[in-house]
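So the sequences go chain by chain: U and W. Under the UniProt record's numbering, the first residue of the first sequence is numbered 1, with each subsequent residue one higher. Under the UniProt record's numbering, the first residue of the second sequence is numbered 1, with each subsequent residue one higher.
Take the hints with a grain of salt, since some may be wrong.
Since copy identity is lost for identical chains, a pair holds within one copy or between any two.
Claimed, not checked - Calculated pairs, DSS-like style, for lysine-lysine (alpha carbon to alpha carbon, straight line, at most 30 angstroms):
{"hint": "1", "residue 1": "Lys182", "residue 2": "Lys24"}
{"hint": "2", "residue 1": "Lys13", "residue 2": "Lys24"}
{"hint": "3", "residue 1": "Lys52", "residue 2": "Lys167"}
{"hint": "4", "residue 1": "Lys126", "residue 2": "Lys52"}
{"hint": "5", "residue 1": "Lys190", "residue 2": "Lys17"}
{"hint": "6", "residue 1": "Lys167", "residue 2": "Lys182"}
{"hint": "7", "residue 1": "Lys126", "residue 2": "Lys190"}
{"hint": "8", "residue 1": "Lys54", "residue 2": "Lys167"}
{"hint": "9", "residue 1": "Lys167", "residue 2": "Lys17"}
{"hint": "10", "residue 1": "Lys13", "residue 2": "Lys126"}
{"hint": "11", "residue 1": "Lys167", "residue 2": "Lys24"}
{"hint": "12", "residue 1": "Lys182", "residue 2": "Lys54"}
{"hint": "13", "residue 1": "Lys13", "residue 2": "Lys52"}
{"hint": "14", "residue 1": "Lys126", "residue 2": "Lys182"}
{"hint": "15", "residue 1": "Lys190", "residue 2": "Lys167"}
{"hint": "16", "residue 1": "Lys182", "residue 2": "Lys13"}
{"hint": "17", "residue 1": "Lys17", "residue 2": "Lys126"}
I should point out that these hints are in silico values taken from the structure, not numbers from a laboratory.
Listed here are the chains, written in short residue letters.
2 protein chains.
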Amino acid sequence: MSHYPSSVLNLIKAFSKLPGIGEKTAERLAMHILRAPRREAENLSRSILELKEKVRLCSLCFALSDTDICDICANPERDSATLCVVEQPAEMVAIERSGSFNGLYHILQGVLSPMDGIGPDNIRIKELIARVEQGHIREIVLATGTNVEGEATASYIGECLRNYPVKVTRIASGVPIGGDLKYVDQVTLKRAMETRYDV
Amino acid sequence: MSHYPSSVLNLIKAFSKLPGIGEKTAERLAMHILRAPRREAENLSRSILELKEKVRLCSLCFALSDTDICDICANPERDSATLCVVEQPAEMVAIERSGSFNGLYHILQGVLSPMDGIGPDNIRIKELIARVEQGHIREIVLATGTNVEGEATASYIGECLRNYPVKVTRIASGVPIGGDLKYVDQVTLKRAMETRYDV
Chain U
1 MSHYPSSVLN LIKAFSKLPG IGEKTAERLA MHILRAPRRE AENLSRSILE LKEKVRLCSL
61 CFALSDTDIC DICANPERDS ATLCVVEQPA EMVAIERSGS FNGLYHILQG VLSPMDGIGP
121 DNIRIKELIA RVEQGHIREI VLATGTNVEG EATASYIGEC LRNYPVKVTR IASGVPIGGD
181 LKYVDQVTLK RAMETRYDV
Chain W
1 MSHYPSSVLN LIKAFSKLPG IGEKTAERLA MHILRAPRRE AENLSRSILE LKEKVRLCSL
61 CFALSDTDIC DICANPERDS ATLCVVEQPA EMVAIERSGS FNGLYHILQG VLSPMDGIGP
121 DNIRIKELIA RVEQGHIREI VLATGTNVEG EATASYIGEC LRNYPVKVTR IASGVPIGGD
181 LKYVDQVTLK RAMETRYDV
């Protein structure tokens with residue numbers, strides 16, 4: 001690597017700090033920047049800075065936002081009585097993309113994980129309860145992950161909300177649509193069987 | 001995608017212009033930048049600009065350089081009578097890394113490719129001949145690729161240099177070291193057989 005001039009080396013090093021980018025890929029990306037139009041490189045450079053400068057968390061739901069209140073929270077056409085609880089902004093984006101939800105969100109910014117020292121005070125559970133206490137929320141949809149931490153977080157939140165006049169639901173787990181039954185893992189199949197419903 | 005704030009979208013779009021980076025990966029990279037320390041993001045942003053500002057081509061060998069003459073051309077300990085001709089800077093770096101060459105380089109900045117409209121005038125062949133004409137070069141090692149274009153370029157340069165008092169050699173092709181004979185393609189095996197040498 002050390003046979004490139006230092007400005008090339010610096011960029012290769014900076015690129016290889018990104019997740020999933022090894023030294024070879026970083027080298028290829030740097031060579032691309034070298035050949036790319038100046039405008040494209042400047043645009044990438046500026047976008048990185050702007051992201052760090054502009055993006056903050058929505059003060060209501062903790063989604064990523066360029067403004068104090070995010071577009072979804074500020075949209076009067078959304079059902080503000082239904083709140084979908086997710087772990088991270090990317091999950092919110094995935095649900096939005098599915099077009100299956102018209103309520104508001106609450107992004108926990110993490111998941112309970114005692115092994116990593118992340119307890120209830122480290123994620124936005126207090127803030128969720130505060131929103132429920134304001135009184136006009138009718139349903140909380142728990143859409144945390146279906147791994148151990150996600151399930152534990154969902155249970156914990158369900159427990160916290162037990163004494164509030166709010167309906168708490170959990171998104172369904174089961175066989176993916178289009179999935180072949182014989183390739184579905186046992187745990188998923190068991191859950192699909194346990195949560196079967198009348199048709 | 002449109003459910004992210006615009007500063008996040010802009011960075012996702014900028015990342016996905018890089019080669020081999022699809023929309024999903026670009027999203028993951030943007031999320032990383034969001035969580036990364038400010039210093040890391042600023043460093044990446046600055047490195048991109050600095051690359052575009054500082055890197056130029058060495059005026060002797062056309063390698064990437066931060067200065068007018070690259071470190072290799074400026075190094076008095078290198079053998080300036082031997083010139084290794086490669087297509088691109090990355091190939092020069094690969095040879096340097098192998099530690100097998102102590103001469104100087106000549107980077108063609110491309111390869112003959114009539115299909116893409118790239119003829120002898122579009123790559124640095126004239127400049128190579130000018131270096132040979134200065135008279136103190138004894139050997140030219142042709143290290144262009146072993147694909148059709150690389151071979152054609154090597155033949156063409158060999159032809160051009162026929163009337164100069166300079167030895168022209170080509171790097172050997174054959175079975176890779178540690179390669180299993182039964183997995184080596186026919187063309188490579190044929191070449192290895194044709195260019196066999198006495199031991």
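Hint-by-hint comparison with the structure:
1. Within a single copy, Lys182 and Lys24 get their C-alpha atoms only as close as 38 angstroms, which misses the 30 angstroms cut-off; across copies the closest is 28 angstroms, which meets it.
2. In this assembly of identical chains, the alpha carbons of Lys13 and Lys24 lie at most 30 angstroms apart whether taken from the same copy (11 angstroms) or from different copies (22 angstroms).
3. Within a single copy, Lys52 and Lys167 get their C-alpha atoms no closer than 37 angstroms, and across copies no closer than 57 angstroms, so neither meets the 30 angstroms cut-off.
4. For the identical chains of this complex, Lys126 and Lys52 are intra-copy neighbours only, at 26 angstroms inside a copy versus 48 angstroms across copies, given an alpha-carbon limit of 30 angstroms.
5. Neither within a single protomer nor between protomers do Lys190 and Lys17 lie at most 30 angstroms apart by alpha-carbon distance, with minima of 40 angstroms and 43 angstroms respectively.
6. Taking the shortest alpha-carbon separations for Lys167 and Lys182, neither the intra-copy value of 35 angstroms nor the inter-copy value of 66 angstroms comes in at or below 30 angstroms.
7. Proximity of Lys126 and Lys190 under a CA criterion of 30 angstroms is satisfied in neither setting, with 33 angstroms inside one chain copy and 72 angstroms between copies.
8. Neither within a single protomer nor between protomers do Lys54 and Lys167 lie at most 30 angstroms apart by alpha-carbon distance, with minima of 36 angstroms and 61 angstroms respectively.
9. Proximity of Lys167 and Lys17 under a CA criterion of 30 angstroms is satisfied in neither setting, with 44 angstroms inside one chain copy and 45 angstroms between copies.
10. Taking identical chains as interchangeable, the C-alpha atoms of Lys13 and Lys126 are never at most 30 angstroms apart, the minima being 40 angstroms within one chain and 35 angstroms between chains.
11. Taking the closest pair of Cα atoms, Lys167 and Lys24 never come within 30 angstroms of each other, the shortest separation being 52 angstroms inside a single copy and 34 angstroms across copies.
12. For a Cα distance limit of 30 angstroms, the shortest separation of Lys182 from Lys54 qualifies neither inside one copy, at 47 angstroms, nor across copies, at 57 angstroms.
13. Taking identical chains as interchangeable, the C-alpha atoms of Lys13 and Lys52 lie at most 30 angstroms apart whether they share a chain (20 angstroms) or sit on different chains (16 angstroms).
14. Proximity of Lys126 and Lys182 under a CA criterion of 30 angstroms is satisfied in neither setting, with 42 angstroms inside one chain copy and 65 angstroms between copies.
15. In this homomeric assembly, Lys190 and Lys167 come within 30 angstroms of each other (Cα to Cα) only inside a single copy, at 25 angstroms, whereas the closest approach across copies is 74 angstroms.
16. Within a single copy, Lys182 and Lys13 get their C-alpha atoms no closer than 45 angstroms, and across copies no closer than 38 angstroms, so neither meets the 30 angstroms cut-off.
17. With identical chains, the CA atoms of Lys17 and Lys126 are never at most 30 angstroms apart, being 34 angstroms at best within one copy and 40 angstroms at best between copies.
Hints 3, 5, 6, 7, 8, 9, 10, 11, 12, 14, 16 and 17 from the list above are not met by this structure, while the remaining hints are.
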